[in-house]
Amino acid sequence: MLGGGFLAGRPTLIRGASGAGKSNFALMFAAANSPTVFATFDEAPERLKDYAANWGLGSDLSFLDFRPDPEMLVSGEVPELGGMLVRIDLALKKAGAACLVMDAIDVLFEAFENRTQIRRELHRVINWCVGRGVTLVATSGVDSDYRASTGILDYIFDCVILLDRRNENGLVTRILNVLKLRGTGHGTNEYPFLIDDHGISLIPVTGIHLSAKSSNRRLSTGIAGLDRMLGERGVWEGSVVMFSGQSGTGKSIFAISMCHAACNAGKTAIYASFEEAPEQIIRNAKSIGIALKKHTETGNLNIVSVGVAELGVEEHIIRLARLVDTTRPDLIFIDPISSLGDLGDARLFKHLVLRLLNHLKASGTTVVLTELIPDNSKNVSHMNVSSVTDTWVRVNRVERDGQYFRSIHVHKSRGSATSDKVVEFQMTKKGLLLGDTSVAA
Amino acid sequence: MSIKLVLKVYIAGETPVARRTIANLEKICAEVSNAHEYSVDVIDILKHPQLAKDEKILATPTVVKELPEPVRRVIGDLSDREQALIGLDLVAL
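So the protein lines, in turn, are chains L and Z. Residue numbering for the first sequence follows the working numbering, starting at 1 and increasing by one per position. Residue numbering for the second sequence follows the working numbering, starting at 1001 and increasing by one per position.
Be aware that one or more of the hints could be misleading.
Selected chain L positions facing chain Z (in silico; Cβ < 7 Å) [claimed, not checked]:
1) F66
2) P70
3) V74
4) S75
5) E77
6) L81
7) G83
8) M84
9) V86
10) L90
11) V306
12) G307
13) E310
14) R397
It is worth saying that the hints were derived from the structure and are not from the lab. Here a beta-carbon is modelled for each residue, glycine too, at the ideal position from N, C-alpha and C.
With the sequences and hints as input, model every part of the structure.
Right under this line is the structure:
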């Protein structure tokens, strides 16, 4: 988002309310640019060391304890912060560091009455850092009169990043927004992010350019008839495939068949389910003659089940993206992606799904989604993610002569000579059986 | 029995505030020492950064009363005499 990182040799300010994650960002920066001197105005160095250790970050940080003494008495004119720069200089020299963190500088404005004086002192430190090419990352809290207390603080930094926590329908989302970045372009949107035991994860940002690699290899859906409908040999590797249908039509079974075929072909896959536990999925597959268990045993398949209501949609999406980034599977199945849409704002959902899909595409992963179409929606898809879906298969169920018939048709499939047929199918103990799928010459 | 009074003033350069602080401290000491022996050391942390680190000096001037114990600290130019006496615990001397 910053076009490569914080500005080297320039000052950056990260500000946000308490609990927004400022210190975490500062620690991450410090650990990534070791040696860094970490000056803390708020938390004890021991605590910060613990946080860093929890995330497996390097312990070779040198800390400066700048916490004001709460018992300290002031007599007469409010003092200068003469010790600050002297100790920073000493610590930087000792550590051989060119990076400095000043965590929670707003504490100074509370500890000392003369805010003009504090501003001047901070300005002095910043100028000193700039003069010496020291990269500074400062953090500050925001109170209701942030502007009044800190004055023009934003203006003396070359980069200002705002962190926020938003609570919608009881689900808290962390938001990051780059307010300014002198000299280079930067992402201007608000970006959700996540802090957990792995540290900080930003939601994938793929930028404005579509840069997905395109593959010229095909991947079987595991169903000969469907492969034929898709132009003989299945879908393109690295593409986005979606099976849409109302409840009970058999969407998941198509996804499972495809998953099975891919694993049989030696591919690795993640099957993320928002509805069923891994054991249930394995059992369901078994009922149509598919043995998924062997793939989980060989390690080709990782079935992940997540309760959809447990997390916000941003968090679900970040977790999925991270899982793919860290384990690099050939395919990821998300069953059903539409579950995430129930969590909140429809526009936000679509936006996040598009970002996720772009990110997964850029990494070359084949994505298979299922979409649950509500029964009362007259079989109309509400996901609106068609633009990023390469292959879209619709699964239907119609009543005729006192019996339900299942059918599928290929709604679209980019770069393939597809069948226009609506083909009936049956779920049998030996798998999915499709009717006549021959393509008219 | 004689009580020895040991005070240190940490300054960052010989600024007007630093000079004023030293003068104020000398005046207070002369008044409250009550014929006890006293010493005032002035330490310029610009020249002795290691001492700033050891003593955790953030604000300057910082005045530290090292003896008699307990150690007490006050920041500022000591122009508020009452606060200085309370802060350095020199009232009961």
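How the hints compare with the structure:
no.	hint	verdict
1	F66	holds, 6 Å
2	P70	violated, 12 Å
3	V74	holds, 5 Å
4	S75	holds, 4 Å
5	E77	holds, 5 Å
6	L81	holds, 6 Å
7	G83	holds, 4 Å
8	M84	holds, 6 Å
9	V86	holds, 5 Å
10	L90	holds, 4 Å
11	V306	violated, 47 Å
12	G307	violated, 48 Å
13	E310	violated, 44 Å
14	R397	violated, 73 Å
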